[in-house]
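Chemist: Below, each chain spelled out in residue letters.
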Amino acid sequence: MMRDAFFDLADRLGDGLRGDEVLFCNLDGEDSDFVRLNRNRVRQAGSLHRRSLDLSLISAGRQVEGGCELSGSPEQDLTLARNLLERLRERLPHVPEDPYLSYSTTPASSERVLGVGGLPDAEEAVSELIAGAGDLDLVGIWASGDILSGLASSIGHRHWHRSTSFNLDFSCFLESDKAIKAGYGGLEWDSARLAEKLEGVRRGLALMARPVRSIPPGRYRTYLAPEAVQELMDMLAWGGFGLKSHRTAQTPLLRLVEGECSLDPRVSIREEPGRGLVPGFTTEGFGKPERVDLIAGGRYSECLVDSRSGKEYGAPVNADSEYPESIALDAGEMPRAEVLDRLGTGLYIGNLWYLNYSDRNDCRITGMTRFGTFWVEKGEPVAPVRVMRFDDSIYHLLGDRLEALTEERELLLSAETYGGRSTASSLLPGILVGGIDLAL
Amino acid sequence: MQLLEQTAKRTRDLAPALDYWTVRVVAEESEILHVRQGVVEPTRLQISRGGMISLVRGSGMGYAATSDLSAGGLRTAFAEALRWAELHARLGLFDAGLFPRFDARSEYRTPTPEPWDARSTEDKLGLLRDACTALVIDPRILDSSAWLEYRRLSQLLVNGDGGRSEQVLEYVNPGLAAVAHEAGQTQRRTGGGADHPGQGGLERIAQVGFLDAAPRVGEEALALLAAPECPTGTRDLLLMPGQMALQIHESIGHPLELDRILGDERNYAGTSFVTPDMFGTYRYGSELLNVTFDPSLPGELASSATDDEGTPAERAYLIRDGILERPLGGRLSQARSGLPGVANARASGWDRPPIDRMGNINLEPGNDTLDDLVGQVERGVLMDTNRSWSIDDSRNKFQFGCELGRLIENGELKGLVRNPGYRGISANFWRSLAGVGDRQEFEVMGVRNCGKGEPNQGVFVGHAAPPCLFLEVSVFGGGQ
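Line by line, the protein sequences give chains R and U.
Each residue of the first sequence is one higher than the last, beginning at 1 in this note's numbering.
Each residue of the second sequence is one higher than the last, beginning at 1001 in this note's numbering.
These are computed hints drawn from the structure, not numbers from a lab.
Note that this is a predicted model, so its numbers are computed, not measured.
Each hint can be trusted.
Stretch-level coverage of chain R by chain U, calculated; a stretch enters the list once three of its residues show a Cβ under 8 Å from a Cβ in chain U: (1) 48-56; (2) 71-77; (3) 86-98; (4) 172-178; (5) 351-362.
Quick reminder that beta carbons are idealized off the backbone N, C-alpha and C, glycines included.
Taking the hints into account, I'd like the entire structure generated from these sequences.
Modeler: See below:
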């Protein structure tokens, strides 16, 4: 089902509404190719065609929500959607009025189509990857195809967002966990970029081939590459920036919000829906702003506010959910070319893994080093480092121990596919810290 | 089931000439009822239907999943899957002849003494409102939630050889959460079934003590605000079942997954410190450690008759008397590795292919009462209810945090401590197992967000365990 068929379905559902009923229809769909690789061969290959319809039925201050999968046939889909609508209508009188009911009452429309026509067939791209990787022990996944989002309401909203993209997420191993990770995603395929990525992996593996160094727990001067910073940002995204988590004192940034702690003045974190990779509308029909300043100059600035929190706490809506989808950390002044010199002696961490809070009250996070982590001496990488567990507070890593941020930033496209291929992205620099606490 | 039967028949009628094919059709219905701060959140009804065709032609295999179950949709799915089989035949990791086949016919239904529809939506929401009200015993409780989630998953798996597996799994999962805050300290306590997910009907609400738990959940959230931080140092550690579930999950379940050992997950979920040569000889833990794959335990999250490739599911020891016996690998992984395994090829839904997953992974009861376990400890900490989990990619260096801790001194339980955590290394930790609770202390629990696979899949996984005592573990509390 594409745009016109979806809007037509919404019109036909709207024709059957009764009394003061308001209906919001959201479509989420994908046509995806997935090719899993192991040892530079195809492990599991397949495709997915999915169209999911969400309905929100509102009447007399009450609302109920529901969802179902669609087939693609207009008449069948109308029957499926009408059946769902009828079940929601039956339920509506049995739920109380909703004091936090909130939706856009101003009709609006938009259309954004990204990346159509810039991709090779998945078989072609995967064949090229396998040939290019040669004898590398490559493992990972190719994911590509269309991702669709649509919104139509009985009020008159008509929004459509379609992107055709690919995301190649892979790593290459020497032995055990000696490995280098790489990712290449976007809207247009470029064979030269793939070759560059593979060349970078080969250079990293040459370093990885050296004997592993074990280091004891302690505090280490460290450079965190943008991919490692992304893991820290993902943790902050988990309740860090939402209005509800602020008002219920659950945000891990509570000490920052209350002015008890601050981050380094060079730390500014924003949500940037204007980047355009995610839909520019919320499921309730609100438009998203170009950007939301979450942390400005090391201090708490604004929250992400979804429609429900907006009504509960009396704040304007600026997000679909209270989690960043297009996060950015401002660049600094350290050229990437100078990272190793500025680090001197310490750890170069390429990726972090499996982070979680060890104490949310103090924004203390634990996690593991993984992939591409080296010991550096006098500005030269000398040995891979056995995986280590860190346990440290963001108030240190982005606060009193932050020495520099790189002037270049990486646009990292999420490879996550839980519940559908993600359109989230991050724009991040690397950071140099005077110390990170390794615990195990 | 009618839709599933019709789709299966349609698939059979359309199937081209192939070496082997299966269709797995899934119809899923779920409801979420949630009251927060006394206000009913929008109720949600979710209906999901779709099918996956998997096939083998020559040395290639492929799959295609679709929400279009019409003849045209299934025909397209066959064509897509054939396209992938051609790629696999050319560049595959192994010969598709290893793809598992089944010819058994089986049926499994979750017993539901009190079906979900036996009570009205108003009744259920009324119960949640009462529970939510009972959580708020003090103005310092800033947020309160009570929820009830229902899921019915109907699945029909058939193949071209006459094999058939039909399963209807039902889950009712209630839960409570209270968030207390004072003077810069926030504590969240959960209960009322939140960490006891399972199969069944509405009878589960009473079984997990949903409504009765509410005042205690609120009281403990408040008490934790005033409690001292968990001490830092080496202590004996008594883990209650609410934390044992995660400890088993992360440092036994995941490392024993055969696809990790075979390297499939190295880019995402990770590898394993376990290697094929360890099975049969490796001492995983002390002699008290007995761990089973048990799809037969009534009410546990992953109880079933077959896995999602049609392999009959049977109870098997993974670790016996501390010695590692077998991995968690479905028939495809068994064929690839030459190792034994279990029926654990599972998919998160119609849109994902089966891979090696945990099913019900249980730590079998021992002989100690809880008092016996406490009595053995001179200086230790009891920890309950997981709230933080992290482990390295080979499943060795772990760190966990719990909602609640309690000191143990000279064989007696003492006061609460807040923000308790501990860390260790799997390969050493299980060897320090010094006491295992008995059948009376054994609790059936589980995890509803086990993530793994590329593309990603989140599945329900069951874990049952008694309290367990570990010696000389590194513990710590909160603070920067």
